[in-house]
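Chemist: Chain by chain, the residues run as shown.
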Amino acid sequence: MSETLDTAPRRTDPRTFVVRAMSLLSQLVFPILLGGFAILDEGDFDDVVTYFVPLVLAVVGANILFAYLRWRRLTYTVGEADIRVESGVLSRSARSVPYERIQDVSLEQKPIPRLFGLVEVKFETGAGGGDDIALTYLPASEGERLRELVRSLREEGAVAQVGGDNLAPAEQAQVLFAMSPKRVVTFGLFEFSLAIVAVLGGLAQQFDVLLPFEIWDWRAWREQLAGPGQWLAGLGSLAQAIGIMVAFGSLLLVGVATGVTRTALREWGFRLERSDKGLRRRRGLLTRTDLVMPVHRVQALRIGTGLVRRLFGWHSLKLVSLASDSGSANHEAVPFAQMEEIAPVVAETGFTLPGDGIEWHRAMPAYRIDGFLLGLAAMSAIAIGAALLGRADLALLLPLLGGLWFGTHEYLRWRWDLHAIGPSQLYVRHGWFAPSLAIAAREKLQSVEIVRNPLARLRGYADVHFGLAGGRLRMRGVALADAWRIREAVLESMAEQDFSDVIESRAVRD
Amino acid sequence: MNHADQLIALDPAYKSMVRLQMSIVAVALLVAATIAEVAISGWTGAVWIPALLVIAYALIRVPLRRYNARGYSLEQERLRVVRGVIFRADTVVPFGRVQHIDVGQGPLERAYGLATLTVHTAGTHNASVSLPGLRHEEATAMRERIRAAIRRDTR
Chain A
1 MSETLDTAPR
11 RTDPRTFVVR
21 AMSLLSQLVF
31 PILLGGFAIL
41 DEGDFDDVVT
51 YFVPLVLAVV
61 GANILFAYLR
71 WRRLTYTVGE
81 ADIRVESGVL
91 SRSARSVPYE
101 RIQDVSLEQK
111 PIPRLFGLVE
121 VKFETGAGGG
131 DDIALTYLPA
141 SEGERLRELV
151 RSLREEGAVA
161 QVGGDNLAPA
171 EQAQVLFAMS
181 PKRVVTFGLF
191 EFSLAIVAVL
201 GGLAQQFDVL
211 LPFEIWDWRA
221 WREQLAGPGQ
231 WLAGLGSLAQ
241 AIGIMVAFGS
251 LLLVGVATGV
261 TRTALREWGF
271 RLERSDKGLR
281 RRRGLLTRTD
291 LVMPVHRVQA
301 LRIGTGLVRR
311 LFGWHSLKLV
321 SLASDSGSAN
331 HEAVPFAQME
341 EIAPVVAETG
351 FTLPGDGIEW
361 HRAMPAYRID
371 GFLLGLAAMS
381 AIAIGAALLG
391 RADLALLLPL
401 LGGLWFGTHE
411 YLRWRWDLHA
421 IGPSQLYVRH
431 GWFAPSLAIA
441 AREKLQSVEI
451 VRNPLARLRG
461 YADVHFGLAG
471 GRLRMRGVAL
481 ADAWRIREAV
491 LESMAEQDFS
501 DVIESRAVRD
Chain B
1001 MNHADQLIAL
1011 DPAYKSMVRL
1021 QMSIVAVALL
1031 VAATIAEVAI
1041 SGWTGAVWIP
1051 ALLVIAYALI
1061 RVPLRRYNAR
1071 GYSLEQERLR
1081 VVRGVIFRAD
1091 TVVPFGRVQH
1101 IDVGQGPLER
1111 AYGLATLTVH
1121 TAGTHNASVS
1131 LPGLRHEEAT
1141 AMRERIRAAI
1151 RRDTR
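First to last, the sequence lines map onto chains A and B. Start counting the first sequence at 1; every next residue gets the next number (the working numbering). Start counting the second sequence at 1001; every next residue gets the next number (the working numbering).
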């Protein structure tokens, strides 16, 4: 069963170089076309042949040569205690990551590598910044093997126990959550984004040379409409109303289409499975990603929703772990589901949703009132400035609107921002616009801080900040006595476990 | 429930160090004020006098207030750090959550034989707590104490 580790340095798959060259060429096509047009505009075809073609060939050749050298010079070694990657053509660098520090191993397939059956293997360590090791590209089987290897080495702490044949992915996986195409499209409808509309508008302005008319020129539009749309113009204001509706309708359509497309690309074939290694998530239409999130590493859960989707009961579930700090992977376990579907996943992570027995608390009214008064004071200061400049209308309007806004906002926040402390978990509900619920295990927190600004000291409330590996968690405007009590309770739970157990969440010596 | 009485005060030399820091700022301020005073025709003292008042406050009151605002305790296997004159923060880190410990000394701190103890926990948000104004020997002793408390037999 056991076969000694092959610790010889290896190269990534040779086809990597082909993939690199292909994606490089696709990146070059655009500039080449643009350059080509620019030269063709000059009208002299001879110039194209004599200058342009050799130039392009030289650039492409140099890039391919460099890609080849890069591939030649990159080796990785699966050692006894760490993975080492040596790379660099001119300046060499060697990086080593001990198995114990690897939080997740994720596999990602972009469209071109996917054609060749290659994956990008990322070792997430939870180090800040983009300092994770990534191997591009390995055959899918090799990626799977590395993942298994890292996991078993980590868990057994013993080398040379990992054989080749007991790694067969034969474990029975239980599907926790999957999204049907219908669900993906529904999700896409809610992912409507106005940002893309703005981008399109900007692009239209950038490339208006390509369009047969001036897009921002109203008169030109009228002329365009003048031919077939003459009767429309005759309808007067009704026509204008129709025009505006058509304009908004098309913007809406573009926004919806973009949302659906983007979501489908990202979430297609979404599957979340429970395997013996943790929660395994696979998704993506063109770029397939395959991520395993070890359950015992989960520090907290975040359940989010949106303004509109809340009305339909759609929620999302994110896992917070040390690996979320690096920001390299999105740890969304369930992107879009009803609470009944989220509940089993939550149960699988070892957390529990707040039940009926939970005693929710609100922030002190004094805290909300102070927030309101501060907002009003800021508005009044601006209003005084406006009055001094002789804008009496603004001076009246600003405090009125500002007061209304801050009043409503603080009231709704008071109503919706809740926190509770359960026997083993903390719950923080935040926001009224797009409310989210954070569930953190008391014993997995890192530190507790009580912060009070001058106003808070005067009025007797405090903010409680919890140190959470991979995220932030805070309760605001808590009565001082409660803040002390919560801190004492949380510290009691924290004392029961050492850090190593928190991250591993398992007694190592048993 | 307020445990303010259990806090240990920093080394009194911290006051002198803050005063020295402040006097460096004060010199810069004084130079600026003098230039402004020369630029304004006549020796009015319109810049000088407020500047001197600020400097006096910074040298006499600020070190004392900072010193009084800070404190720490190591009770119950926890490091508790209290700080801030205007914005008060009171942080507790159990020894078991400490990832690594730094003892640092800047040039001024070295002159006074002081050190800053910084304790790091996992994560990136709010993940380090530093405690300045300890005697250097005290800081290293604290480091050893925290280190000894972190269980060694866990991976």
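No lab work stands behind these hints: they were computed from the structure. Given the structure is predicted, the values throughout are model-derived calculations rather than measurements. Built from N, CA and C at the ideal position, the CB exists for glycine as well. Keep in mind that a hint or two might mislead.
[To be verified] Pair by pair, the computed Cβ-Cβ distance ranges are: (1) Ala420/A to Ile1035/B: 54 to 60 Å; (2) Leu1074/B to Arg485/A: 37 to 43 Å; (3) Gln27/A to Leu1074/B: 54 to 60 Å; (4) Asn1068/B to Glu496/A: 55 to 61 Å; (5) Leu458/A to Pro1050/B: 49 to 55 Å; (6) Thr1140/B to Leu374/A: 40 to 46 Å; (7) Gly407/A to Pro1107/B: 51 to 57 Å; (8) Asp82/A to Glu1144/B: 27 to 33 Å; (9) Asp82/A to Thr1140/B: 48 to 54 Å; (10) Pro1050/B to Arg92/A: 45 to 51 Å; (11) Ala366/A to Pro1050/B: 44 to 50 Å; (12) Ile1008/B to Arg70/A: 52 to 58 Å; (13) Glu1144/B to Trp405/A: 52 to 58 Å.
Chemist: Now tell me if each hint is right for this structure.
Modeler: Against the structure, the hints:
Separated by about 59 Å at the C-beta atoms, alanine 420/A and isoleucine 1035/B satisfy the suggested range of 54 to 60 Å. At roughly 22 Å, the beta carbons of leucine 1074/B and arginine 485/A sit outside the given window of 37 to 43 Å. Taking the beta carbon of each, glutamine 27/A and leucine 1074/B are about 58 Å apart, inside 54 to 60 Å as hinted. At about 35 Å, the CB distance of asparagine 1068/B to glutamate 496/A disagrees with the hint of 55 to 61 Å.
For the pair leucine 458/A and proline 1050/B, the supplied restraint of 49 to 55 Å is violated, since their beta-carbon distance comes to about 28 Å. Take threonine 1140/B and leucine 374/A: their Cβ atoms lie about 44 Å apart, and the range 40 to 46 Å holds. Distance hint for glycine 407/A and proline 1107/B: a CB-CB separation of about 52 Å, consistent with the stated range 51 to 57 Å. Judged by the Cβ atoms, the range 27 to 33 Å given for aspartate 82/A and glutamate 1144/B holds: they are separated by roughly 29 Å.
Remark: the range hint 48 to 54 Å for aspartate 82/A to threonine 1140/B is contradicted by a beta-carbon distance near 31 Å. In this structure the hint that proline 1050/B and arginine 92/A lie 45 to 51 Å apart at CB is violated, the actual value being about 60 Å. A C-beta distance of roughly 36 Å is found between alanine 366/A and proline 1050/B, which places it outside the suggested range of 44 to 50 Å. Roughly 57 Å separates the CB atoms of isoleucine 1008/B and arginine 70/A, a value that falls within the hinted 52 to 58 Å.
Remark: the range hint 52 to 58 Å for glutamate 1144/B to tryptophan 405/A is upheld by a beta-carbon distance near 55 Å.
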